[in-house]
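With chain A's structure known, arrange chains B and C on it following the hints.
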Amino acid sequence: MTTSAYAIEGIDMTRRFGGFAALDGVSLAVPHGEIRGLIGPNGAGKSTLMDVLTGRAQTWSGRVLMDGRDISGLGAVERRRAGLARSFQRTNIFPDLTIDEQIRLAAATAERDNSDEVMAELGLADLAHRRAADVSYGDQRRLDLALALVGRPRVLLLDEPAAGLSMQESMVLAGILRDLAGRWGVTVLLVEHDMEVIFSICSRVTVLHLGKILADGTPDEIRRIPEVVTAYLGSSVE
Amino acid sequence: MLINILNGLVYGGLLYILAVGLVLIFGLRRVVNFAHGSLFMVGGYVAFAVAAVSNFWLALVAAIVVLAVLGVILDRFVFRPLQHEDPIATVLVTFGLLLVLEDVVKTIWGKDFLSLAAPPLLAGTVSIAGETFPVYRLMVIAVAVLVALGLSLWLRFSRIGLYVRASSVDPVTTGMQGVDTDRVSAAVVAIGAGLAGLSGTIAAPLMALSPSMGSFILIDSFIVVVVGGLGSFTGAFIAALVIGQVHNFGIVYIPWAASMIPFLLMVAVLIWRPTGLAGGRA
Amino acid sequence: MTDIAAAPSRSRNVGFPAVLAVLGAAGCALPFLVQSPLLLTLMTQATINAVLATGVGFLLRQNGTVSFGHAAFFGLAAYATALLIKFGLPAELAIVLAVVLPTLLALLLGVVIVRITGVAFSMLTLAVAQAFHELFLKWRELANGDDGMAIAFPAKVFGLDIAIFQQPASMFLVCWLALVGVILGLWLLARSRFGTLTLAIRENEERARYIGYRTVLPRAIIYAISAAVCALGGLLFALYNGFVSPGTLHWSLSGEALIMAIIGGPRLIWGPALGGVIFFFIKNAAGDFTDHWPAVIGITLILVTVLLPRGVGGLLVWLGRRAGGGRGE
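Chains as they are written, first to last, in this note's numbering: chain A, 1 to 238; chain B, 1001 to 1282; chain C, 2001 to 2329.
Source of the hints: derived by calculation from the structure; they are not laboratory data.
Small disclaimer: the values here were computed from a predicted structure and weren't measured.
Idealized CB from N, CA, C, for every residue including glycine.
A few of these clues could be false.
Claimed, not checked - Some but not every residue of chain C turned toward chain B, in silico, with C-beta under 8 Å: (1) Gln2035; (2) Leu2038; (3) Val2112; (4) Ile2116; (5) Met2123; (6) Glu2134; (7) Lys2138; (8) Gly2242; (9) Phe2243; (10) Gly2255; (11) Ile2262; (12) Ala2295; (13) Thr2305.
Stated by the list, open to error - In silico SDA-like links for lysine to any residue, alpha-carbon gap of 25 Å or less: (14) B/Lys1111 <-> C/Ser2252; (15) B/Lys1106 <-> C/Phe2281; (16) B/Lys1106 <-> B/Val1072.
As the list claims (entries may be wrong) - Derived DEER-like restraints, expressed as beta-carbon distance ranges: (17) A/Thr91 <-> B/Ser1152: 50 to 58 Å; (18) A/Asp116 <-> C/Phe2243: 35 to 43 Å; (19) B/Pro1255 <-> C/Leu2089: 25 to 33 Å; (20) C/Phe2243 <-> B/Val1145: 45 to 53 Å.
Pulled out of the complex, with its shape left as it was, chain A reads as follows (with noise of 0.2 Å):
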């Protein structure tokens, strides 16, 4: 099936807001079943690119291949069903649904149905019965993941997956996405402002800088270059 070496790629994507590029010109590719970084300060166009990539955004242009084929025309719920699944900065779950009800859910419109595979990877399976909005933050957060892991999607492109969790549930959450992504076959774009958990996971790392890409390398490579330690890995990385 596979048509190309690259299982999600974006070329030539720019989005502007009134005069503001907030994306410019960016080319992006990551191979198929890798874990891609993509990091950079805020405003930097991070969330404006994962909008482009999954079809949130209206108004922009270049195209979106994924794994050659041209999805550009097509829509957010067209795009989850060819296997481009995603998460949001923000805990985006169904409060008054239960666990167990959201991901039958989310997993029904997939080729298959892995729900409690995923409910017991994530250990969510002893809160199935629970209701969303009673379970702690931590949970609501692998909940997230879940919603967009299920139905082992083709790409996952993660927004800040790990933002407000403690250090260590950080780590838990980047032990089972490297797992998951591995075993299943996942290509991920990571989105992560936790450079511990970017540096643990991603073989590759790619820096946006105003709307355009300042560095793309190795997580050695992303760490030798001044300006980006400076401007934005800061103090997180001795």
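Using the frame of chain A, we list chains B and C on its own:
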């Protein structure tokens, strides 16, 4: 033909004054006042009562003042306590108020139609394109134009006005700027309610006063607000002009289906632009 | 957030159909126990109101939106019965179409207006009601305006004597069984995957799209189903009264149906029906000693919204759970 257009402007003007009050309140509180038509109706009756012992102009001022005070009370005891609740709660409570206000007015003034005479100063007619047209109706159009001008100046240049405009675009960011929201809100709801009083008073000589007079115009003003794009001042202005014209056109040429025309127009606009004429973002 | 539309308690237990069957059977015994024709008439009217309220409440429960316009579907069903029979259709066909046509209309209209959410949706539904009310009021050649029209039912419909539908004792049974059937049907629907999907859309429309669901059509279908229930109520009304007037389309009837749903508790499938019955009997009782029924009901609506957002039904469930020591879900 020209006369029909003028009559359409009269109704559009009344609708605009009422609808813009709804837009003001929505911009700040993110709620819709279902009792707004009742405020219009109460305004008409207050004017009727005051005019009986004095004159039209004093009645007009009294109606605006009384309704502005009612607006402050409404904000303090309904909108503010419910501001963190689901907006549906405010819809239901103001709908309850609508029933109560109609009943109160019915108790005081009865069910029968009452009429308020136009002031003698404006009682005559003028000749326009060979046909006669009441001076009073021209005055109604003029008042609507003045309200539109006054509001746009106020929104552009006053401190509260700027705040209201910013808030109607982005309530969250605006809310963080340390303005005393409760005082601004009370002022804005008072203006909205005062405008309903103004609209009710100047409408009174054109239509019979009855406790249910508010519900009819409430529905048309809702169409105006939604077609214009909820929260948009310019949208409400354009929509009121259009709805005023089609309403009048319907009444003159196809009276049996007059009510369907604004409705079908609304459906057509929403198919074309789900967020209304001025609605940019989804 | 208030709990007006939030968190319907999804009865997972299959005990619900059993309880419903018992209540259904108990209701069927009522006409044999109640001797007063006046009371039977009131009970029949209350049950028809309960059907209407159930439709409005279901929309609020599944879509989280408040409609002030569902009397349009109630009244259109009644008018469709009258007009189709007048135009010479067999009464049986007219009766079926009386529910089908308003439902289709609601589906078409729904596709447009459910895209408008929140308070703007409520504003639009008022316009829906108003448009049809004025049409039937003003188009005198079609429907005889304010005077309304008598419905020329034949002596028998579906092989049954028409008197069955017009005598309070037998008609109460018909309406009661219709109400029980509607509640059971909606309960099953709410438990289905489609029911879960529409709740998910109500909760978080954006995320529903990002787990791969289109969101407009499901909401339009819920709108149409709720309209169908109200149309069934309108049909029962037409059968029972043999007469229809523009009042059946008026927004004030929609408003009353909504108030019934709020009083009863729209989080529960059966809450609005309970509210309908409560509303109807209070209205009759209040009518004996006050002329201020609208104010009474307005104040009731305000108090229930603020103090008892889950309605009387929610209160009953809460009391039941306390009495039962917090059993079950």
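### Message
Does the closest beta carbon of chain B sit nearer than 8 Å to the beta carbon of C/Leu2038?
### Response
Check failed: Cβ of C/Leu2038 comes no nearer than 27 Å to chain B, outside 8 Å.
### Distance restraint between B/Lys1106 and B/Val1072, which requires alpha-carbon spacing of 25 Å or less
Holds, at about 23 Å.
### Message
Against the 25 Å threshold, does the CA-CA distance of B/Lys1111 and C/Ser2252 hold or violate the hint?
### Response
It holds: about 17 Å lies between the C-alpha atoms, which stays within 25 Å.
### Query
Would the pair B/Lys1106 and C/Phe2281 pass a check requiring their Cα atoms to be no farther apart than 25 Å?
Measuring from Cα to Cα gives roughly 24 Å; hence the hint holds.
### When the least beta-carbon distance from C/Ile2262 to chain B is tested against 8 Å, hint result
For C/Ile2262, the interface hint holds, since the closest Cβ of chain B sits about 6 Å away, which is under 8 Å.
### Query
Would the stated hint for C/Lys2138 survive a check requiring a Cβ distance to chain B of less than 8 Å?
Nearest chain B Cβ about 5 Å off; hint holds.
### Query
Range hint 35 to 43 Å: satisfied by the CB atoms of A/Asp116 and C/Phe2243?
Violated, at about 58 Å.
### Task
Mind checking the hinted window 45 to 53 Å against the Cβ distance between C/Phe2243 and B/Val1145?
holds, 49 Å
#### Entry: C/Glu2134 as chain B interface residue, shortest Cβ-Cβ below 8 Å
holds, 3 Å
### Task
Go through the hint on C/Phe2243 and say holds or violated, using the shortest Cβ distance to chain B against 8 Å.
violated, 22 Å
### Task
Would you check whether C/Gly2242 satisfies its interface hint, that is, whether its CB is within less than 8 Å of any CB in chain B?
violated, 25 Å
### Message
Holds or violated: the hint that C/Gly2255 contacts chain B, with Cβ atoms closer than 8 Å.
### Response
With a minimum Cβ separation of about 7 Å from chain B (threshold 8 Å), the hint on C/Gly2255 holds.
The structure does not agree with the numbered hints 1, 2, 8, 9, 17, 18 stated previously, though it agrees with the rest.
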